[in-house]
Amino acid sequence: DTAVSQTPKYLVTQMGNDKSIKCEQNLGHDTMYWYKQDSKKFLKIMFSYNNKELIINETVPNRFSPKSPDKAHLNLHINSLELGDSAVYFCASSFSQSTGEQYFGPGTRLTVT
Amino acid sequence: SQKIEQNSEALNIQEGKTATLTCNYTNYSPAYLQWYRQDPGRGPVFLLLIRENEKEKRKERLKVTFDTTLKQSLFHITASQPADSATYLCALENSGYSTLTFGKGTMLLVSP
Chain A
1 DTAVSQTPKY LVTQMGNDKS IKCEQNLGHD TMYWYKQDSK KFLKIMFSYN NKELIINETV
61 PNRFSPKSPD KAHLNLHINS LELGDSAVYF CASSFSQSTG EQYFGPGTRL TVT
Chain B
1 SQKIEQNSEA LNIQEGKTAT LTCNYTNYSP AYLQWYRQDP GRGPVFLLLI RENEKEKRKE
61 RLKVTFDTTL KQSLFHITAS QPADSATYLC ALENSGYSTL TFGKGTMLLV SP
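Quick note, the sequences are listed as chains A and B, same order.
Per our numbering, numbering through the first sequence is continuous, rising by one, with the last residue being 113.
Per our numbering, numbering through the second sequence is continuous, rising by one, with the last residue being 112.
One should not assume that every hint holds.
[To be verified] Cβ-Cβ distance ranges computed for the label pairs, FRET-style:
1. B:Ser29 x A:Thr113: 40 to 46 Å
2. A:His77 x B:Gly16: 37 to 43 Å
3. B:Glu5 x A:His73: 34 to 40 Å
4. A:Thr111 x B:Leu109: 24 to 30 Å
Hints listed in this document are in silico derivations from the structure and should not be mistaken for laboratory results.
Positions of the beta carbon are idealized from the N, C-alpha and C atoms, including for glycine.
Turn these sequences into a full structure, and let the hints steer you where they fit.
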């Protein structure tokens with residue numbers, strides 16, 4: 001069973017479009033995250049949710065809107081896509097806010113043309 | 001400003017040798033430090049966590065040290081194997097924020 005899953009794996013779209021990435025974890029964790037890994041492989045936190053509530057928003061443009069329908073799911077919706085949004089987006093989860101280790105999904109490679 | 005530095009050059013070693021990767025940081029007071037492994041096209045995988053009051057932690061062929069005075073962690077893989085080839089990321093906890101900041105990673109290449 002996949003612990004943290006994301007869909008889609010690949011997403012190719014044009015500038016200006018709106019797209020969503022879905023994430024689900026079956027680990028029973030309370031905390032979920034979205035990270036962006038750019039072309040230089042730098043992995044940066046975007047959002048952190050604990051038990052469906054947003055706790056961290058790391059100065060991400062408001063074109064990015066996370067939504068957590070329940071604590072096992074954290075989706076990422078992106079409006080008006082820009083070329084600079086091209087990256088690999090990783091979802092992750094951890095047992096709680098204060099628990100260190102995080103479990104990552106396989107990533108979604110977003111290409112904006 | 002806060003920085004996490006890992007050697008950006010790939011580390012090439014021969015199978016059977018010990019690989020040592022370095023993570024240096026400035027302007028952090030992390031309660032713990034973690035190491036992850038990332039293979040191409042995949043998400044990072046957690047390897048080890050070491051707390052600020054621990055000097056050393058081991059797991060099978062892996063060993064991590066944490067020197068809060070030097071602000072440095074060393075990650076060792078003993079008896080390295082080609083299957084250990086990957087990028088290794090260190091990550092620091094942001095005190096009070098419950099998030100991690102990752103270094104850019106060091107690629108390890110183990111040749112047979």
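Looking back at the hints listed earlier, which ones does the structure fail to meet?
2
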